[in-house]
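Undergrad: So the sequence lines, in the order shown, correspond to chains A and B.
To convert, note that position 111 of the first sequence is 91 in the numbering used here; the numbers rise steadily by one, no gaps.
So the number in the numbering used here is just where the residue sits in the second sequence, counting from 1, plus 140.
Rather than coming from a laboratory, the hints here were simulated on the basis of the structure.
From the three backbone atoms N, C-alpha and C, an ideal C-beta is built for every residue, glycine too.
All clues stand as given, with none of them false.
Interface residues of chain A toward chain B, partial, derived using beta-carbon atoms under 7 angstroms:
1. 169
2. 170
3. 175
Result set (DSSO-like, lysine-lysine): computed pairs, CA atoms no more than 27 angstroms apart in a straight line:
4. B:249 <-> A:183
5. B:309 <-> B:272
6. B:249 <-> B:261
7. B:295 <-> B:261
8. B:272 <-> A:183
9. B:309 <-> B:462
10. B:272 <-> B:249
11. B:249 <-> B:295
12. B:295 <-> A:183
Take a look at the letters that make up each chain.
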Amino acid sequence: MTESAITGVDPDESSGRAHQAEAASFGGVLMKVAGYAAMVAVLLLVAAPLFWIVITSIKERPDIYTQPAQWWPSPPTADGYKAATTDIEFWSYFKNSLIITTILSIAKIVLGVLSAYALSLLRFPGRTIIFVIVIAALMVPNQITVISNYALVSQLGWRNTYQGIIIPLAGVAFGTFLMRNQFLSVPGEIIEAARLDGAGPMKLLWRVVLPMSWPTLIAFSIITVVNEWNEYLWPFLMSDDARTGTLPVGLTQLQNNDGITNWGPVMAATVLAMLPVLIVFLALQRHMIKGLTAGAVKG
Amino acid sequence: MASVYFDGATRRHKGNARPSVDSVTLDIEDGEFLVLVGPSGCGKSTTLRMLAGLEPVDDGTIYIDGHDQRGVRPRDRDVAMVFQSYALYPNMSAEENMAFALRNAGMGKAEAHQRVLEAAKILELEPLLGRKPGQLSGGQRQRVAMGRAIVRQPKVFCMDEPLSNLDAKLRVSTRAQIAALQRRLGVTTVYVTHDQVEAMTMGHRVAVLNAGVLQQVDTPEALYDRPVNTFVAGFIGSPAINLVEAPVRDGQADLLGAPVPLQQRADAERVILGVRPESWTVGAQGVPVRVELVESLGAEAFVYGRPEGDPDGPRLTVRLEKKLRPEVGDVLTIAPVPAEVHVFDAESGQRLA
Ligand SMILES: Nc1ncnc2c1ncn2[C@@H]1O[C@H](COP(=O)(O)OP(=O)(O)OP(=O)(O)O)[C@@H](O)[C@H]1O
Ligand SMILES: [Mg+2]
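With the hints as extra help, turn the sequences into a complete structure.
TA: Okay, here's the thing in C-alpha cells:
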C-alpha cells in the first residue's frame, strides 16, 4: 500500500515527472543506482520470507530441515497442502474467518464512515469532546482491554460464539480518525453548494462526500480487512475449537498437533490463509486511482 | 424572482474585534442586478453568504420576497449560488451537476433532463454535458457552475467573484454574457466582485462596502459623479481620483495654489478636494507639475507627477488627450475644472457639496 493511498492524495504523472527531473538534476546516474539499490533491499526484506514460506510449503518433509538450505524443492509436493486441509478442520476455520472478517469489516467501515461524517460535517454540541474521546480510545492498546473484555464476554456466555468475537472488536477509533480527516479535506464550498442544492445529510454523504473520498475509504477498507483477517489474540481467547476459531487460530492447532511442529503443512496453510486477502487487496487497490477531486474547485 | 431586503444585517466572527459585516441595510428590487464591491476582506463574501443562509445573521435580519429568513435553512431559501471556485461535484458529469438540485427537489428524470438541456443551450454547453469537471476547461467549468444555478430558476442568484479564475479575455466576454443572461432571466442577482470594470459595467446599481460598513448604493454613474465620501471616490474610478487636502481662505479652497470656490461650508478650515484625472485642464494658469511617469494608452495618456518644487507634495494623476505628450521631467501647468471638483470634509471624509 502506498502512502498516497492512505492520505488520498495521489502523486499524479506530472509530479512523478517532477521527481524524475529532480533525481536527474541530483547527479542522475548515482541517484538512480541508489534508488534501485533501495528498492532491491526492500524487496529482499519483504520477499525473502515470503519466498521461503512458499517453497517450504511445497517441500517434502525431510527437505525442510536439510543443511545447507534447499533453495528449490525437489521434487515439489502437495503433501503439505493435503495435510493442512485435512489435519485440522481447515475449511471450518476458513469459513469462520470469512464470516467474522466480513461482518467485522462491514461494521467497522460503516461505523467509521458514519461517525467520521458526524464528527466532521454535522454540527452538534459536544462534537469536539466526542472526538477527543475517540482519539483517546485510539491510544489504548488492545492488550490492555483484553482481560476486562474477556471477563465480560465470558460472563455473558458468549465464548465460542461469533458475537463474542465480533462485538468487542467492532470499535473503530482508527477509521473515525482517518475518515474524519479525509472528510474535513473536502472543500467546504462543495459541501455548501450541495446544501444549497437541497441535499440532505445522507445524500450529502453518499453522493458528494464519499465519492470524493474513495481512495482513503478503500485504503481504510483494505487495512481493516487485512487486520481482521489476521486478528489472532482475541479469537484465540474466545474459541476453543473449529466452531468459531479463525484461520490464525487454526494455524496454531496445526503447529501443536503432534508435539513437534511439522512446518510443511503450517506453511501451506499460511499460504492458503494469505490468498484471500491478497485477492481483496488486488481487487481494491485498482480503485485507488488518482484525481478524484480534479476539477472540483478551480483547476 | 423576488426582492431582497437586508435590515441592519450584522455578522460578528468569533475572535474579531469588529463585526465582519456591520448593520448593512440594503434594498434590492425584484429583478435587479446589484453589484457588491469593496477591497479585500471588507465583508462582501460574508454578506452574500448571509443571504444564502450559509452564514448566520447575528443582528438584524434579511428578507427575501418579504419573508423574514431567520431560521430558514439554505436549501429552503431558493437561492442559487455561483462560487468563486465553482465548487462543482467532481464525481458527476456536467449534466448531473446541473440536475442535482432538481432531482433533490423531487423532479422527475425526464423533466430535469429537459431543464438541463434548456440551460445548456443558453450557455452553449450541449456538447459538454457528459463530461466530468476534470475534463473541462476553466471557462467551461464556470459555465457549468452558472448552469447549475440557472436550471433551478431560483428567486435569487448569488455570485461570488465568478470570473476571477478566468483569463482577462475570457473575463470580458463572460462578463457580457452574464449581464445579458441576467437581463433575459430577470432573476434578482447579487454579484460580488472587486473588479472595477465589472462593478461599473454589469449591474443596475453598485453597493460599495468598506470594513463591513455599507458606504453607498447607487447607479454606476451616480457613484462616479457623486461619491458620498473619500473612500467611495478613491475606490471607484481607474486611475484613482486625486484626493488633496486643501486649506480654505475667503470661501475658497486652495488647491496647491489654484483657487477652488466652495459653495458649502466655506467656513471650514480645511477640506479634501477630489479631482478625477480627466477633470484637469492644461493651460497657462494653475499648478505647475513635474512629470514623473507617462502611461500612454494610445487614445489617451495618464501623466503622474508632483507639484514643482515640492517633492513631498501629493502625487497627481492627469489624463491627457492624444495631442499632448509630455516627457518625464517636463513641467505641466494644470488647473481643475471647478464644476467637477468634489469637496469632502477634512475630518469625516463626507461629501460637502
Ligand atoms: N470564518 C471566519 N472566521 C473569522 N473571521 C472571518 C471568517 N470569515 C471571514 N472572516 C473575516 O470577515 C471579514 C470579511 O471577510 P469576507 O470573506 O467577507 O471578505 P471579502 O470582502 O469577501 O474579501 P475578498 O475580496 O478577499 O474575498 C474578513 O476580515 C475576514 O477576516
Ligand atoms: Mg470573498
